[in-house]
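> Chain residues, written in single-letter form:
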Amino acid sequence: QTVVTQEPSLTVSPGGTVTLTCASSTGAVTSGCFGNWFQQKPGQAPRPVIYSTTNKHSWTPARFSGSLLGGKAVLTLSGVQPEDESDFYCLLFCGGTWVFGGGTRLTVL
Amino acid sequence: QVQLVQSGAEVKKPGASVKLSCKASGYTLTDYYMHWVRQAPGQGLEWMGLLRPSGDSTKYAQKFQGRVTMTRDTSTSTFYMELSSLRSDDTAVYYCGREKYGGYYDYWGQGTLLIVSS
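Residue numbers (our numbering), protein chains in the order written: chain A, -7 to 101; chain B, 38 to 155.
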């Protein structure tokens, strides 16, 4: 059973840069894992912000970017805004099935 | 515009079954997969399974095999997710979301709260 691991929580100052990572128990995350990142605020449905590892939706803030680094999928937020405080989930297809990570709670403080 | 509108909240007793719906509009159903995901109170997202664009093929997470059925009614553009043998830990918000092959997830439903309680 594939396990996808994220940092449980991260804190960043407004205007700062933060990196969220997403690892798979199957091994290195590649573009073939079709990594997606979702942002979720309290009481709301998750909203996809990155698809297929690096691609942004039309609604994705320009300060969000996705990449692969060190065998993990990475979501980088540059110039963090207070409204970025939320839960972030990655979703991978590394092991032949889709699996969510446990989520990262991002605090902007 | 694309919309996925899910059915209203449900309260079920343990052992019962529930069939949740997700009405799609604004796009061609046969171009997209439909996924179902759930989120228990205070917990993370959990992928449950998908219905392929053909509408006659599914893939379920191992955890739900034998207990979940995902279908589609093309005449009403409505997707269904039926979960049987309900337990209290099935209490969650259930979401439908579409994906174009290659991991392009975009539109999601607003979610349906299912409460399983005796």
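Source of the hints: derived by calculation from the structure; they are not laboratory data.
Watch out, some of these pointers could steer you wrong.
[As the list claims (entries may be wrong)] So these bits of chain A aren't anywhere near chain B, every CB distance computed over 10 Å:
1. V4
2. G7
3. G19
4. N28
5. P38
6. R39
7. G63
8. K64
9. V72
10. E77
11. D79
12. G95
[Claimed, not checked] Here are the computed lysine-lysine pairs in the BS3-like style, where the Cα-Cα straight-line distance is at most 27 Å:
13. B:K49 x B:K60
14. B:K50 x A:K48
15. B:K56 x A:K48
16. A:K64 x B:K49
17. B:K96 x B:K60
18. B:K100 x B:K56
19. B:K50 x A:K64
20. A:K64 x B:K100
21. A:K33 x B:K60
22. B:K50 x B:K100
By construction, the Cβ of each residue, glycine as well, lies at the ideal position given by its N, Cα and C atoms.
> All the hints need checking, so say for each whether the structure fits it.
For each hint, the structure was consulted:
1. With 10 Å as the threshold on Cβ separation, the claim that V4 of chain A sits away from chain B holds: the shortest Cβ distance comes to roughly 20 Å.
2. Every C-beta of chain B lies more than 10 Å from that of G7 of chain A, the closest at about 28 Å, which supports listing it as non-interface.
3. At the 10 Å boundary, the C-beta of G19 of chain A stays outside the reach of chain B, the nearest C-beta of that chain being 18 Å off.
4. N28 of chain A, annotated as away from the interface, has a beta carbon of chain B within 10 Å; the closest lies near 5 Å.
5. At roughly 6 Å, the least C-beta separation between P38 of chain A and chain B is not larger than 10 Å, which violates its mark as non-interface.
6. Look at R39 of chain A: its CB is around 7 Å from the nearest CB on chain B, not clear of 10 Å, so calling it non-interface is violated.
7. The non-interface label for G63 of chain A is consistent with chain B: the shortest C-beta to C-beta separation is roughly 18 Å, beyond 10 Å.
8. The beta carbon of K64 of chain A sits about 16 Å from the closest Cβ of chain B, which is more than 10 Å, so the claim that it is off the interface holds.
9. Look at V72 of chain A: its CB is around 22 Å from the nearest CB on chain B, clear of 10 Å, so calling it non-interface holds up.
10. At roughly 17 Å, the least C-beta separation between E77 of chain A and chain B is larger than 10 Å, which holds for a residue marked as non-interface.
11. Here D79 of chain A does not stay apart from chain B, with its beta-carbon only about 8 Å from theirs, under the 10 Å limit.
12. The claim that G95 of chain A is not at the interface with chain B is violated, since a C-beta of that chain comes within 10 Å of its own (minimum 4 Å).
13. The hinted pair formed by K49 of chain B and K60 of chain B meets the criterion: a straight-line CA distance of about 22 Å does not exceed 27 Å.
14. Restraint check: the Cα-Cα separation between K50 of chain B and K48 of chain A comes to about 42 Å, which exceeds 27 Å; the hinted pair is violated.
15. Among the hinted pairs, K56 of chain B with K48 of chain A is inconsistent with the structure: their alpha-carbon atoms are about 33 Å apart, more than 27 Å.
16. In summary, the hint linking K64 of chain A to K49 of chain B is not supported, as the alpha carbons are separated by about 40 Å, beyond the 27 Å threshold.
17. Among the hinted pairs, K96 of chain B with K60 of chain B is consistent with the structure: their alpha-carbon atoms are about 20 Å apart, no more than 27 Å.
18. About 18 Å separates the Cα atoms of K100 of chain B and K56 of chain B, which keeps this hinted pair within 27 Å; it holds.
19. Note on K50 of chain B and K64 of chain A: the hinted pairing is violated, with a Cα-Cα distance of about 42 Å set against a maximum of 27 Å.
20. For the hint pairing K64 of chain A with K100 of chain B, the CA-to-CA distance comes to about 25 Å; that is within 27 Å, so the pair holds.
21. Taking the CA atoms of K33 of chain A and K60 of chain B, the gap is about 24 Å. The hint holds against a cut of 27 Å.
22. As the CA atoms of K50 of chain B and K100 of chain B are separated by approximately 21 Å, the hinted pair is consistent with the 27 Å bound.
In this structure, the earlier hints numbered 4, 5, 6, 11, 12, 14, 15, 16 and 19 are contradicted, and the remaining ones agree with it.
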